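Listed below are the residues making up each chain.
2 protein chains.
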Amino acid sequence: MTTNAFTKQYLMTAGPTPVPPQVLAKMAEPVLYHRAPAGVELYARVLERLPQVFRTQNDVLTFAASGSGAMDSAVANLVRPGTKALACAAGKFGERWIELCEAYGADLVKYEPGWGERLDPQEIGRLLDENAGVEVVFATLSETSTGIVHDVEAIAAVVREKGALLAVDAVSGLGAAKLEQDAWGVDVVVAGSQKALMIPPGLAFASVSQRALDAAAAKPEGRYYFDWVTTAKQQRKDPPNSPFTPPVTLLAALDVALGMIEDEGIEQVWERHALLARATRAGAAALGLELYGDPDERSNVVTAIALPDSIDGKQVPKILRDSYGITANGGQSQLSGKILRIAHCGYFGGFDILTSLSGLEMTLAQLGHPVEQGAGVGAAQKVFLEAGVPAAASAA
Amino acid sequence: MTTNAFTKQYLMTAGPTPVPPQVLAKMAEPVLYHRAPAGVELYARVLERLPQVFRTQNDVLTFAASGSGAMDSAVANLVRPGTKALACAAGKFGERWIELCEAYGADLVKYEPGWGERLDPQEIGRLLDENAGVEVVFATLSETSTGIVHDVEAIAAVVREKGALLAVDAVSGLGAAKLEQDAWGVDVVVAGSQKALMIPPGLAFASVSQRALDAAAAKPEGRYYFDWVTTAKQQRKDPPNSPFTPPVTLLAALDVALGMIEDEGIEQVWERHALLARATRAGAAALGLELYGDPDERSNVVTAIALPDSIDGKQVPKILRDSYGITANGGQSQLSGKILRIAHCGYFGGFDILTSLSGLEMTLAQLGHPVEQGAGVGAAQKVFLEAGVPAAASAA
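Residue numbers (the numbering used here), protein chains in the order written: chain A, 1 to 396; chain B, 1 to 396.
Hint data in this document are derived by calculation from the structure and do not stem from the laboratory. Be aware that one or more of the hints could be misleading.
The list treats identical chains as one, so a pair stands whether inside a single copy or across any two.
Stated by the list, open to error - Think about it this way: if two alpha-carbon atoms lie no more than 20 Å apart in a straight line, the pair counts; the simulated EDC-like pairs of lysine to aspartate or glutamate are: (1) LYS382 to GLU372; (2) LYS8 to ASP263; (3) LYS8 to GLU264; (4) LYS382 to ASP322; (5) LYS92 to ASP151.
All values derive from a computational prediction rather than experimental measurement.
Just chain A, with the same shape it has in the complex:
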């Protein structure tokens, strides 16, 4: 048996993401009864704090569910059989909107520019002109499967101009990529707990404008658990009431995580993700690796790196996991074996990026693809140094 210096485990995926120790410690506390005063206060406090992350005045409807549950709620509340909808998909999670719309019987227009592409707001406008009567458009903020962050601000402007509702899947993007729900005029933003909100999976959110709530109220049937109107009514009580037993441990965790986001400041949180993404892109470039698709400065959630054709790309996440203890994402579906995704989403710091790059450099060497050991790490370090963060901190 050979000595193994790499037995520690590093969760480096874009979801679930690493959970901060103070959040884990909170979850080890005794479970609260949700109807007891402490449980009621916790629920109220979390509901009070959530809108800051969405940058909204909406009530943020909170469900015990995966992020996909919140996506389901959006379609269940806005689409009845025959409702005209436009679903945009440029990757696996965009395609989930299509599957949901089809499941609920929408009269569906699909906009599928291809994986790795960026949704084009003008094309969405054209499709809305061409297909009169579309009531709701479904789109994605950060497409985790490709690393692309779409221009939701521009999409929202077009959709609003055409008079439709816009529902955005921000499951992986919320708290990582800039999103201004109210300022941009996004009617519905759905999200999950296990990404940049830094807690385990199990809570899902739908931040729903009054306009979207009214649309849901006008289509009252065909759903129960995910009904927005009931949920909003219960959450608006004083004190707020959860229609079903809420996952109190996750609420307690979220309370701590939201406090961390408040302390850092949401704009600084976005900026940190941008810096980590910039360092990751510099690291990949220094290793002579191309990025997948068409990422830009918005692509701050996960960086998709195209793997060299000369190696068996499926081996990269496998070696990272089996040899280095790093759980990272390869490509999904049509990108399987073609990309490695380095996450920077939630509780990630500079050394997480450097660790991912170190692991990648050693893995590529093992696969016979020559890279200069330390080159990617050094390039990323230079980005951090140039950002001036540590200098500023030490000067304080």
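Fit chain B to the supplied structure of chain A, relying on the hints for placement.
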């Protein structure tokens, strides 16, 4: 306010060392009553498991104390006023033996070759020849203040030949640097819990040979809490009995940690520390930095790196902590500002070394000492690749 990508905290000191998550989880369990069956079983199991780490057939006497408490026990049990003793000191922790011997009134011979030097077994033999009647020699396995691991095997051979007892401070070395207590003939090995045993501070150990126990029994007074004879008698009962209330939470933690050491295998544990040290030395060399003192392949607990004269060396641990969240050791006493110590002691893996080197590279750049970013990291990665560990793991 500048964005800060370095707010995560990294405990990179040589003690307390990082505690594995499974050990932390165990410590969050309810406290056991030490006289209840589960408490008694836990105590018995830990006492049964401890000798493997010391490589001994001795009972390992266990105290609720810091490591220095176990050192105190060695002097309190073997030295009465006027007892002739030889204390060896080539750093801060060697000097603690001198302080203890003086406190207990020993007729003391001191061997102090200077900080950073390696204890010379021949010189110890010469001093024993020159000072007839020395009953006990005190020495150090790993001198944490300088990074030097002494050649205890050779020292033990000389001391045994001259008929004296040898007591070794292995507080920081046990479980990191090779130590074969019985095979080498070391009478007393003292250790602490917060180093390579991977649990928090609070437990101290003295593995005492029958010869040393007999010597203690012949000097029965002047101690109580740390009395070896009483402790050994209580621990040898069936089931073993702790003379005083033991820190049950730390015992539960130690039980998990000892299981981890068993699973890895103590020789593999030593080998891992050797590999991490080799990678650290290669990283320092690639950055053009000298090692402090005279380290060799045994110096596997902590690597002391001499800092360039051109910079203010006290800034290095300060910037690492304040800017990068890395708590690392600078120099102590006469080495303050002159060295940085990178620990690899206990729950450390390859990425911990790479993180320390990354932090050092960025810190040196901030201090105006030009190093090629990534060069130290890359050199360390090459050591890991050449060790072939990951390749072997991925082939499995």
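A quick look at each hint next to the structure:
1. LYS382 to GLU372: Result: close both inside a copy and across copies, 16 Å intra and 10 Å inter.
2. LYS8 to ASP263: Result: close only across copies, 14 Å inter versus 29 Å intra.
3. LYS8 to GLU264: between (28 Å within a copy, 13 Å between copies)
4. LYS382 to ASP322: between (29 Å within a copy, 19 Å between copies)
5. LYS92 to ASP151: Result: close within a single copy only, 18 Å intra versus 60 Å inter.
Hint violations for this structure: none, all hints satisfied.
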